[in-house]
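*Asks:* Sequence:
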Amino acid sequence: MAETKPLLVEDVEYQTAGSGARSRRTTFSTTKSKSPNDRVASLDVFRGLCVFLMTFVDYAGSIFPIIAHSPWNGLRLADFVMPFFLFVAGVSLAIVYKDPSHKERSTWKVVARTLKLFLLGILLQGGFLHGITSLTYGVDLERIRWLGILQRISVGHIVAALLEIWDPYEKRKKDSFFMNYIWHWFTAFVLSAIYMGLSYGLYVPDWQFSLPQSASFGSSSESYIYKVNCSVRGDMGPACNPAGMIDRTILGIGHLYAKPVYRNLKECKISYPPSWCHAPFEPEGILSSLTSAVTCIIGLHYGHILVQLKDHKERLSNWSIVSFPFLVLGLFLALLGIPLNKSLYTISYMLVTTATAGITFSILYILIDVYGLRKLFFLLEWIGKHSLCIFVLITSNIAVIAIQGFYLRSPENNIVNWIVTSVVQK
1 MAETKPLLVE DVEYQTAGSG ARSRRTTFST TKSKSPNDRV ASLDVFRGLC VFLMTFVDYA
61 GSIFPIIAHS PWNGLRLADF VMPFFLFVAG VSLAIVYKDP SHKERSTWKV VARTLKLFLL
121 GILLQGGFLH GITSLTYGVD LERIRWLGIL QRISVGHIVA ALLEIWDPYE KRKKDSFFMN
181 YIWHWFTAFV LSAIYMGLSY GLYVPDWQFS LPQSASFGSS SESYIYKVNC SVRGDMGPAC
241 NPAGMIDRTI LGIGHLYAKP VYRNLKECKI SYPPSWCHAP FEPEGILSSL TSAVTCIIGL
301 HYGHILVQLK DHKERLSNWS IVSFPFLVLG LFLALLGIPL NKSLYTISYM LVTTATAGIT
361 FSILYILIDV YGLRKLFFLL EWIGKHSLCI FVLITSNIAV IAIQGFYLRS PENNIVNWIV
421 TSVVQK
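To convert, note that position 328 of the sequence shown is 328 in the working numbering; the numbers rise steadily by one, no gaps.
Be aware that one or more of the hints could be misleading.
Restricting the straight-line Cα-Cα distance to at most 25 Å, the calculated cross-link-like pairs of lysine-lysine (BS3-like) are [unchecked claim]:
(1) K98 / K313
(2) K116 / K98
(3) K310 / K385
(4) K227 / K259
(5) K375 / K313
(6) K116 / K103
(7) K385 / K98
(8) K310 / K98
(9) K227 / K266
(10) K385 / K116
What the hints contain is simulated information worked out from the structure, not anything from laboratory work.
When you get a sec, could you build the whole thing from the sequences and use the hints?
*Replies:* In structure tokens form, the structure reads like this:
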């Protein structure tokens with residue numbers, strides 16, 4: 001088996017018998033690929049869309065808060081980016097490991113790539129790079145952030161990849177897609193059940209933390225002790241949820257994300273906000289990694305359909321059978337009181353966003369692989385083919401710093417500084 005690359009993920013090349021990317025056919029009948037090097041164009045475009053959305057909401061979110069992450073419960077455009085990344089990672093794995101002839105060797109490759117992805121995430125988001133306002137670098141190991149975007153993707157990647165490698169399709173004789181991959185769905189159910197059990201079963205006691213005033217809302221360098229009153233079970237608010245307690249206990253509060261999005265809540269915008277508004281919180285935390293891995297497993301199922309079915313209508317029909325029931329179920333759970341929450345990666349959030357990813361991918365597949373409108377998406381396809389490199393350039397601020405280096409007469413007269421002072425800060 002040829003060596004493969006991990007997510008952002010896989011640089012996938014696959015001969016899809018149902019691909020009509022090179023033709024202008026307006027029918028859903030089966031179309032043969034003309035070249036063994038044909039790519040799954042819609043998959044590249046979807047991956048490129050993920051990177052584009054990430055960049056767009058990061059830089060435009062400060063100007064248009066309506067597209068930035070929801071402060072706590074609710075869904076905005078930015079809240080779809082992470083599930084989309086995880087979904088496309090799962091789809092890609094079904095193609096990469098469709099024939100794992102050497103399971104042990106493939107397993108070690110998956111483990112190695114997972115570690116590389118995890119360590120790259122720490123480098124990019126652990127605090128080592130200080131950003132565009134300071135060209136220095138270095139991080140205090142007592143404050144380093146251990147988890148982040150790439151780390152979360154690496155967890156979903158290894159879970160889904162090991163399931164695919166050690167539970168191959170060829171050994172099954174059943175016709176049902178669900179029964180063929182019963183252990184995949186069983187794993188997804190167990191992870192979801194563990195998440196629900198811990199989220200609503202763990203008791204969260206009162207807790208306190210000490211932070212320098214400069215690390216919260218003040219400007220003083222003196223430390224201050226904040227106390228948070230909880231003594232509850234099953235709370236899904238920003239102060240007393242079990243996910244935060246698990247991260248504070250295992251990782252330590254100094255290693256969590258220092259500027260959580262819930263600081264944009266109205267409660268935290270007053271003169272004397274509640275104590276929990278000052279606390280760090282990890283949106284890519286340990287408990288929510290369980291449900292994020294489920295997103296990757298569901299994406300893997302979409303990949304199975306892409307690999308094993310050769311007809312456009314069959315693929316779209318099977319994708320729809322998964323997408324729309326999951327969407328309805330997620331919205332129903334939200335009505336029952338399980339909030340749509342990205343920071344906690346709740347069950348309802350997982351179902352709704354994964355279903356949305358499946359529907360979006362299906363639409364792109366229709367436009368590109370069925371109707372042959374590939375040229376309209378050439379930019380997104382190019383981004384998708386180089387997604388990891390572009391992700392690193394954006395996350396590390398290298399691209400912004402490069403633009404910032406061009407100025408008129410003095411270093412302050414650059415386009416980045418103008419945007420920050422004239423647009424963002426206003």
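*Asks:* Each hint should be assessed against the structure and marked as holding or not.
*Replies:* Taking the hints in turn, this is what the structure says about them:
no., hint, result
1, K98 / K313, "holds, 22 Å"
2, K116 / K98, "holds, 23 Å"
3, K310 / K385, "holds, 24 Å"
4, K227 / K259, "holds, 18 Å"
5, K375 / K313, "holds, 23 Å"
6, K116 / K103, "holds, 20 Å"
7, K385 / K98, "holds, 20 Å"
8, K310 / K98, "holds, 15 Å"
9, K227 / K266, "holds, 20 Å"
10, K385 / K116, "holds, 19 Å"
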